[in-house]
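Top to bottom, those sequences are chains A and B. First residue of the first sequence: 1, per the numbering used here; consecutive thereafter. First residue of the second sequence: 1001, per the numbering used here; consecutive thereafter.
Hints listed in this document are in silico derivations from the structure and should not be mistaken for laboratory results. Remember, it's a predicted structure, so these values are computed and weren't measured experimentally. Some clues are possibly wrong.
Pairs of lysine to aspartate or glutamate residues, derived as EDC-like cross-links and limited to a Cα-Cα distance of at most 20 Å, are as follows [unchecked claim]:
id: 1; chain 1: B; residue 1: LYS1069; chain 2: A; residue 2: GLU86
id: 2; chain 1: A; residue 1: LYS72; chain 2: B; residue 2: GLU1065
id: 3; chain 1: A; residue 1: LYS128; chain 2: A; residue 2: GLU68
id: 4; chain 1: A; residue 1: LYS15; chain 2: A; residue 2: GLU68
id: 5; chain 1: A; residue 1: LYS72; chain 2: B; residue 2: ASP1002
Some chain A residues flagged as far from chain B (calculated, every beta-carbon gap over 10 Å) [claimed, not checked]:
id: 6; residue: GLU14
id: 7; residue: LEU17
id: 8; residue: VAL43
id: 9; residue: GLU56
id: 10; residue: ASP58
id: 11; residue: GLU59
id: 12; residue: ASP73
id: 13; residue: ALA81
id: 14; residue: VAL85
id: 15; residue: PRO108
id: 16; residue: ILE122
Footprint (simulated), chain A over chain B, 3 or more residues, beta carbon under 8 Å [what the hints assert, rightly or not]:
id: 17; segment: 1020-1029
id: 18; segment: 1054-1062
id: 19; segment: 1066-1079
All residues carry an ideal CB built from backbone N, CA and C; glycine is no exception.
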Amino acid sequence: MRIHLAGVLVDDQEKALRFYTETLGFQVKHNIPLGRHSWITVVSEEAPEGTELVLEPDEHPAARPFKEALVKDGIPYTSFAVDDVEAEHERLTAKGVRFVQPPTDLGPVITAVFDDTCGNLIQIQQEKPQP
Amino acid sequence: MDVYRAIADPTRRAILDELVDRSGQSLFELCSRLIMKHGINSSRQAITQHLDVLEAAGLIRTRREGRWKLHWFEGGPLKAIGERWPISTDERTTEK
């Protein structure tokens, strides 16, 4: 058994597609119209055959209160691995991305948390080499 | 809640330490720092209760920033302690 999908619940699929590709830099893997919505997945260009991230509509009535409660407490919906949190923070800030938590050294990891503009906070995480 | 009881608890002192390190933290960031840097693995609900105590004592303030809620350290009540029991700068007095 393997994990091939992860998802984020987004308030607008088109806006999410732009943010996750143009701003974050992921690549579109699938974009299949399905009635009012689409089946949209993106992948990292570092791992195009790896886990796909589904940009899923947050239409279920329970989804928005759930998302808002997470955002209020600064809790990220999911986390992406990066090689250099500091460099990503600089790159994304220059593109207008808003960080709720700047790069923070937590011992074995450095993390930062930003707003995906689609109703979620996302963490980026860099593992430090273990001595 | 008075300031003395608020700072009597080690978890609450750790919260203040972290908010002095960086002002304007979310509950998530604060909890991450408490577990990773202090080994304090209290639940978010427990930390929220500690934050309520600190806020009632005037030692932190909170503000909604956009859609998230952030916490700041407020040193005023601690300054009042120093003013009430000032440390003498006169060495002759402190030596006796």
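Self-check item: Broken hints, by number
Solution: The structure breaks hints 1, 3, 5, 12, 15, 18; every other hint is satisfied.
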